[in-house]
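Chains as they are written, first to last, in the working numbering: chain S, 169 to 636; chain B, 169 to 636.
Worth double-checking, as some hints may not be accurate.
Listed next, the in silico DSS-like pairs over lysine-lysine satisfying Cα-Cα at most 25 Å (straight line) [said to hold, decoys possible]: (1) B:K571 <-> S:K602; (2) B:K389 <-> S:K389; (3) S:K602 <-> S:K295; (4) B:K571 <-> B:K602; (5) B:K602 <-> S:K355; (6) B:K389 <-> B:K443; (7) B:K493 <-> B:K295; (8) S:K443 <-> S:K389; (9) S:K385 <-> S:K295.
Bear in mind the hints are in silico, worked out from the structure with no lab data behind them.
For clarity, every value in this text was computed on a predicted model and none was experimentally measured.
Spelled out, the chains give:
2 protein chains.
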Amino acid sequence: MAVPLRRVDRNDDGIATAVPVLKQRFGPHCHTGADMRRQHGHTTSWLANEAPDAVVFVTTAQDVEDVLEICRTHGVPVIAFGVGTSLEGHVNAPAGGVSVDFSQMNRIIEVQDEDLTCTVEPGVTRKQLNDFLRDRGLFFPIDPGADASLGGMCATRASGTNAVRYGTMRDNVIALEAVLADGRALKTASRAKKTSAGYDLTRLLIGSEGTLGLITKITLKLHGIPEAISAAVCPFPSVEAACNATILTIQSGIPVARIELLDALQIRAVNAYAKLGLPEQPTLFLEFHGSQSSVTDQSEAVAAIAEELGGGPFSFSTRAEERNKLWQARHDSYWAALGLRPGAAGISTDVCVPISRLAECVADTQADLEELGLLAPIVGHVGDGNFHTLVLVDNDNADERAKATLFLERLAERALTMDGTCTGEHGIGQGKIKYLRRELGDTAVDVMAAIKSTLDPQNILNPGKILS
Amino acid sequence: MAVPLRRVDRNDDGIATAVPVLKQRFGPHCHTGADMRRQHGHTTSWLANEAPDAVVFVTTAQDVEDVLEICRTHGVPVIAFGVGTSLEGHVNAPAGGVSVDFSQMNRIIEVQDEDLTCTVEPGVTRKQLNDFLRDRGLFFPIDPGADASLGGMCATRASGTNAVRYGTMRDNVIALEAVLADGRALKTASRAKKTSAGYDLTRLLIGSEGTLGLITKITLKLHGIPEAISAAVCPFPSVEAACNATILTIQSGIPVARIELLDALQIRAVNAYAKLGLPEQPTLFLEFHGSQSSVTDQSEAVAAIAEELGGGPFSFSTRAEERNKLWQARHDSYWAALGLRPGAAGISTDVCVPISRLAECVADTQADLEELGLLAPIVGHVGDGNFHTLVLVDNDNADERAKATLFLERLAERALTMDGTCTGEHGIGQGKIKYLRRELGDTAVDVMAAIKSTLDPQNILNPGKILS
Chain S
169 MAVPLRRVDR
179 NDDGIATAVP
189 VLKQRFGPHC
199 HTGADMRRQH
209 GHTTSWLANE
219 APDAVVFVTT
229 AQDVEDVLEI
239 CRTHGVPVIA
249 FGVGTSLEGH
259 VNAPAGGVSV
269 DFSQMNRIIE
279 VQDEDLTCTV
289 EPGVTRKQLN
299 DFLRDRGLFF
309 PIDPGADASL
319 GGMCATRASG
329 TNAVRYGTMR
339 DNVIALEAVL
349 ADGRALKTAS
359 RAKKTSAGYD
369 LTRLLIGSEG
379 TLGLITKITL
389 KLHGIPEAIS
399 AAVCPFPSVE
409 AACNATILTI
419 QSGIPVARIE
429 LLDALQIRAV
439 NAYAKLGLPE
449 QPTLFLEFHG
459 SQSSVTDQSE
469 AVAAIAEELG
479 GGPFSFSTRA
489 EERNKLWQAR
499 HDSYWAALGL
509 RPGAAGISTD
519 VCVPISRLAE
529 CVADTQADLE
539 ELGLLAPIVG
549 HVGDGNFHTL
559 VLVDNDNADE
569 RAKATLFLER
579 LAERALTMDG
589 TCTGEHGIGQ
599 GKIKYLRREL
609 GDTAVDVMAA
619 IKSTLDPQNI
629 LNPGKILS
Chain B
169 MAVPLRRVDR
179 NDDGIATAVP
189 VLKQRFGPHC
199 HTGADMRRQH
209 GHTTSWLANE
219 APDAVVFVTT
229 AQDVEDVLEI
239 CRTHGVPVIA
249 FGVGTSLEGH
259 VNAPAGGVSV
269 DFSQMNRIIE
279 VQDEDLTCTV
289 EPGVTRKQLN
299 DFLRDRGLFF
309 PIDPGADASL
319 GGMCATRASG
329 TNAVRYGTMR
339 DNVIALEAVL
349 ADGRALKTAS
359 RAKKTSAGYD
369 LTRLLIGSEG
379 TLGLITKITL
389 KLHGIPEAIS
399 AAVCPFPSVE
409 AACNATILTI
419 QSGIPVARIE
429 LLDALQIRAV
439 NAYAKLGLPE
449 QPTLFLEFHG
459 SQSSVTDQSE
469 AVAAIAEELG
479 GGPFSFSTRA
489 EERNKLWQAR
499 HDSYWAALGL
509 RPGAAGISTD
519 VCVPISRLAE
529 CVADTQADLE
539 ELGLLAPIVG
549 HVGDGNFHTL
559 VLVDNDNADE
569 RAKATLFLER
579 LAERALTMDG
589 TCTGEHGIGQ
599 GKIKYLRREL
609 GDTAVDVMAA
619 IKSTLDPQNI
629 LNPGKILS
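Chain S with its partners taken away, still in its complex shape (with noise of 0.2 Å):
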């Protein structure tokens, strides 16, 4: 049962053919401009950027059908491709191909009200839902950070800041459609909001990264927008003691929307960024959702547990605009954290650890960054046990890249000695396959060798991800 996966190799001739006949078929919606395809390629520093041979922008899924047909006809990766925020490599060509940019299928199809759910296209994104949504008192929770297609935050499994309060995209997706790599139509679910009827393909395909089909429609659950929203902010002497306040916030069952963990370091980037003059130490950010009485039940419990433990003070307001502010400064994280070394590449990456770990793992982590001397803000979804590290490092300097990559890869070890997982929420892609087999053992990266062939007996479907 340990069927080996087709090997990726570029098929040029495949290639050579295919290209001309997806031009014939979509006209000025393929590209083949060295600029578009570098563009679909992976965008982050740290990952080589893999460029496909050419980009179709779809609007339907029959065009989705068409692009399927000729490349496998012709033997030809097929890489679906959202708004290119995945952090993995997800996107690349390792084997060329054809990019299928989603983009611009990407209307609402339809929104239940009365069910809380609502039907999109893949091109979709996170915002424009919200958008579309505020005038009708609901809103989508998945928050990953950047604004990126729901049919992208599906296949990577996205989660961010609001997972700990309403899951992750696993939990809030009720039904897909997709087409698979032999051309089929394939419908995942019904639109009730749980069911029995037998394997679960809505969860096969979310976190499957492309590789056993393209989705075109998408069923998602919403939620009311809260009747009340308040946020608090608050610092604390060590990040043992911002994680053990996590813990025992949780552990409390006091529902926070948000609890995101910032340390030091990462507090001192967004001060200089978003000038906002916060005490440079481990700091909490936290927001609240529910009715007047419960936000304001919630911030006290929590702001309870924080002065248990050292922290203080707990700033806590009710104030849109201060909200939007140090939301904004955390979601800025990134470019903030850049700011602190000008010139230098981000490597981003995350794990996801027990909470009862969390304190140690964070610490632990700290201080391997500080042995090797290098320069990465911590900031971390705490709730769930997940944070991120980005690593600072000058791309030219080999010695600093060779002790990023044994950061990282200490870093993926620590959270697997500790029964966590290699990646929270930005995937294996490319960057992580090798922590797979370590984290999950052989059977399972088999099976998923297995349930791979079966679906994608040419390995057409994004080629090179999650399993090599």
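Starting from the structure of chain S, add chain B where the hints point.
Just chain B now, kept in the frame of chain S:
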């Protein structure tokens, strides 16, 4: 890619060879007596009992591997058995084979209090777990009514009264270990609360009804026991009014822990069974979890909604004794309903529709029952759009049986035309195989069959379930 499943033919020679080998390996833990075998076939009255040829009580993962090795060698079906409370023939042995009884593999391995998780063996029942957790202030919320085993609840993607707030098994399992058809041990995930590490094999096993692997270890999410729990009961002038009150409650974001509909007939049944004296009208039973002030807020908000829709009086209680009496009556609704027609068999079925269609679906179902002259009370987890009917049939009356069959057909069809599912929480088993293609289309079912064939090419794991 349409891989046909291996046919489910009885392999008399294989069975005749395997059973003595199992007896040798398992001694007194391998049973072949008629009673024991019949108890491990389907034990409800509608689907015929199809007993296995042997029953093996396992206590370790090694036992499970050994059973599988012996059965694989001789091409003999293997059917996982928890406590036998599933409703769609999941534990039947249509081609004979070996029932693997997990009831003695029931250790609570570890509770990780700080992480709000625990790791258990599959034979642990939900009540056993909650009794164990009570002193720690924690609980596991999924409550399908029966005191099912957690392994069975994973395998059938169980759900129940608390799902409206806490989700289903899909949402409350962190990781699984399982033995595959070929004997390999699979670990699906780390213990991190969230992950984006490859395909979601945890969710692939949840709801797979023992057809892809035998679950040997489960890591579950736990929740803190709420500070306050209160219950309420409220009659309505019509099923429609009760459903509309439910819709408004959900839309308003009130985090009800339970919201259950009992129709007038079911109220009559529970009045007689539990001596409750409730008005014989469609009635909502509710439960609220939270802080003292939050449960009061929630119940006041629902009371206002109920009044707006002509419901009432809204009786609210924080007294544990009254609450327990109410929910005991709800949980006993199966036995109460049987009391409406002593000697009749009860055929239990469920469907789930988008909540906007719920009132219509329940009303049409009641009208159909009246037209057919069938007695069938309705209870529903209406916050999820999910409801059950228990058709009370004289099994010796062919005409009644035919009408009941017609009713089940029409109910499933009705749910499907409303973009719902033929089964919200009972699963497919044997009984609903005929609806699965209608619900999801050929591609989805063929993909399920392809996955099944890849992981279990001999089709020895619970053959004849989900897929035919």
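Verification of the supplied hints:
The straight-line distance between the Cα atoms of K571 of chain B and K602 of chain S is roughly 59 Å, outside the 25 Å bound, and the hint therefore fails. At most 25 Å may separate the alpha-carbon atoms for a hinted pair to count; K389 of chain B and K389 of chain S meet this at roughly 21 Å. Restraint check: the Cα-Cα separation between K602 of chain S and K295 of chain S comes to about 34 Å, which exceeds 25 Å; the hinted pair is violated. Taken as a hint, the K571 of chain B and K602 of chain B pair is honoured in the structure, with Cα atoms around 18 Å apart against an allowance of 25 Å.
Using a Cα cut-off of 25 Å, the hinted pair K602 of chain B and K355 of chain S holds, with the two alpha carbons roughly 17 Å apart. For the given pair, K389 of chain B sits about 37 Å from K443 of chain B by alpha-carbon distance, which is inconsistent with the 25 Å threshold. Distance restraint check for K493 of chain B and K295 of chain B: the Cα-Cα separation of roughly 17 Å lies within the 25 Å cut-off, and the hinted pair is therefore satisfied. Straight-line distance between C-alpha atoms of K443 of chain S and K389 of chain S comes to about 37 Å, which puts the hinted pair past the 25 Å bound.
In summary, the hint linking K385 of chain S to K295 of chain S is supported, as the alpha carbons are separated by about 17 Å, within the 25 Å threshold.
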